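Protein chains: 2
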Amino acid sequence: MSPKVSEEHKESRQQEILEAARRVFIRKGYQAATMKDVVEESGLSRGGVYMYYGSTEEMMLALVEQIDRSNETDYDRAIGADGSVWGAIERLMDQTQQEAETVTDSLVPALIEFFINAWRSRKYDALMEERYRRGAQILEAFLQNGVDRGEFRPIVPVGAVVLMLLSFYDGLMVQAVQLGPEAAQTRVGLDTMLEALRHLLQVQDGNKEVSP
Amino acid sequence: MSPKVSEEHKESRQQEILEAARRVFIRKGYQAATMKDVVEESGLSRGGVYMYYGSTEEMMLALVEQIDRSNETDYDRAIGADGSVWGAIERLMDQTQQEAETVTDSLVPALIEFFINAWRSRKYDALMEERYRRGAQILEAFLQNGVDRGEFRPIVPVGAVVLMLLSFYDGLMVQAVQLGPEAAQTRVGLDTMLEALRHLLQVQDGNKEVSP
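For the protein sequence lines, the chains are Y and X, in the order given.
Going letter by letter, the first sequence gives residues 1 to 212 in the numbering used here.
Going letter by letter, the second sequence gives residues 1 to 212 in the numbering used here.
Source of the hints: derived by calculation from the structure; they are not laboratory data.
Values in this document were obtained by computation on a predicted structure and should not be read as measured data.
Check the hints yourself; a few may be wrong.
Unchecked claim - Derived DEER-like restraints, expressed as beta-carbon distance ranges: (1) Y:Gln14 <-> X:Gln66: 34 to 40 Å; (2) Y:Glu65 <-> X:Arg27: 28 to 34 Å; (3) X:Glu65 <-> Y:Glu40: 36 to 42 Å; (4) X:Ala141 <-> Y:Gly43: 27 to 33 Å; (5) X:Arg153 <-> Y:Gln144: 46 to 52 Å; (6) X:Ser6 <-> Y:Asp105: 48 to 54 Å; (7) X:Gln15 <-> Y:Asp105: 36 to 42 Å; (8) Y:Gln144 <-> X:Thr34: 45 to 51 Å; (9) X:Gln95 <-> Y:Glu101: 30 to 36 Å.
Said to hold, decoys possible - Mimicking SDA-like on lysine to any residue, the simulated pairs with C-alpha atoms at most 25 Å apart in a straight line are: (10) X:Lys28 <-> Y:Ser121; (11) Y:Lys36 <-> X:Ala32; (12) X:Lys123 <-> X:Leu166; (13) Y:Lys36 <-> X:Ser121; (14) X:Lys123 <-> Y:Ile26; (15) X:Lys36 <-> X:Val64; (16) Y:Lys123 <-> X:Ser121.
Backbone N, C-alpha and C fix where the C-beta goes; we use that ideal spot for every residue, glycine too.
Just chain Y, with the same shape it has in the complex (with noise of 0.2 Å):
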């Protein structure tokens, strides 16, 4: 007879497990990365590892899980003590920054490799559109929420906006990690797309809106 595995032991070997998944796939990219790695990265033995994930794809989904369970939280903890969208919104651009700035330190590349691929098979297609269709919701419930507070007075609907965002947030992670932040010039790309939030969403606030 096998030995009882607790609940808490098997997340905790699993969560274990993803770690070094993850740090395999920022080492060498998603399609470089093997079994093998993993298996050596975790110090567990071949079978301990087997047990839970049966391919570097599945520990790639789980991550990715993962990662968008974290992101669903990101708006509110932007906004401040002044409960201010706006004020949130330069924060986030402030944390995207810093995102691009250690984002080779991070799963965007493998992401990024990983989701540019998988278009190919057709096995993915629900989980991006639900990905995406979910990202833009709580991006549009976000500015929608600036709206009803009377933060902003949008001259296009605000999902348009949101479409418009989603592109430039992408773009600018490919463009940091191909050159650097620093050769992409994000934080300029950053200010400017700001001062087109301003104007698209018609920041009430006298100090926030630039007059040409």
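Starting from the known structure of chain Y, fit chain X onto it as the hints suggest.
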């Protein structure tokens, strides 16, 4: 003595191989593509391919060079009979939408995959920076042309608009690959960006600056 290969013959053979490589990269992506795939796709002998290219990496770099050369004239071509830079921007947005709609039949997914991993080796840092610098320079000269003609009175430096635009463009393509252009709603993102540009550049034609 091996037969003398004329320069013309050599170039047409190279082009034939690169076209085969392009088809393989489009179908399989960059890392999954092998020399064997390209040999088979080209219908040439193994030796006939290796005479010109020693690896799929060499082929990808040759394709990148060709793409960059052809992109450089895009902006000039977009300027219509009236010579309006803003009109050209609108046409370039339409062209971008078309690119997005056919992106998975293009080399773009393989290019993103190639460059998203290239930073790991550091081998292509100079190439990537030079490509980016050159791309930004051409777009900046194009927008500056609009300033010089009195079409635009930008409220931020034209170079800053360029940085924002390049990130947006890259992200739009990433999303078009991952989701398809319909689910990514690329047209909505492009129209929102046009609205942002109208403001940032302060387009001087009375019909084009939309007041809130």
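Hints, verified against the model:
1. Y:Gln14 <-> X:Gln66: 34 to 40 Å: About 47 Å separates the Cβ atoms of Gln14 (chain Y) and Gln66 (chain X), which means 34 to 40 Å is violated.
2. Y:Glu65 <-> X:Arg27: 28 to 34 Å: holds (30 Å)
3. X:Glu65 <-> Y:Glu40: 36 to 42 Å: Since the Cβ atoms of Glu65 (chain X) and Glu40 (chain Y) sit about 39 Å apart, the hinted range of 36 to 42 Å holds.
4. X:Ala141 <-> Y:Gly43: 27 to 33 Å: The hinted range 27 to 33 Å is violated for Ala141 (chain X) and Gly43 (chain Y), with Cβ atoms some 55 Å apart.
5. X:Arg153 <-> Y:Gln144: 46 to 52 Å: Hint violated: Cβ distance 33 Å, outside 46 to 52 Å.
6. X:Ser6 <-> Y:Asp105: 48 to 54 Å: The hint (48 to 54 Å, Cβ to Cβ) holds, given that Ser6 (chain X) and Asp105 (chain Y) are roughly 52 Å apart.
7. X:Gln15 <-> Y:Asp105: 36 to 42 Å: Holds: the Cβ-Cβ distance is about 41 Å, inside 36 to 42 Å.
8. Y:Gln144 <-> X:Thr34: 45 to 51 Å: holds (49 Å)
9. X:Gln95 <-> Y:Glu101: 30 to 36 Å: holds (33 Å)
10. X:Lys28 <-> Y:Ser121: holds (10 Å)
11. Y:Lys36 <-> X:Ala32: holds (19 Å)
12. X:Lys123 <-> X:Leu166: holds (23 Å)
13. Y:Lys36 <-> X:Ser121: Roughly 21 Å between the alpha carbons, so the hint for Lys36 (chain Y) and Ser121 (chain X) holds.
14. X:Lys123 <-> Y:Ile26: This hinted pair holds, its Cα atoms lying about 18 Å apart.
15. X:Lys36 <-> X:Val64: Holds - the C-alpha atoms of Val64 (chain X) and Lys36 (chain X) are around 21 Å apart, at most 25 Å.
16. Y:Lys123 <-> X:Ser121: Given pair Lys123 (chain Y), Ser121 (chain X) is violated - Cα atoms ~30 Å apart, limit 25 Å.
The structure fails to meet hints 1, 4, 5, 16 from the earlier list, while all remaining hints are met.
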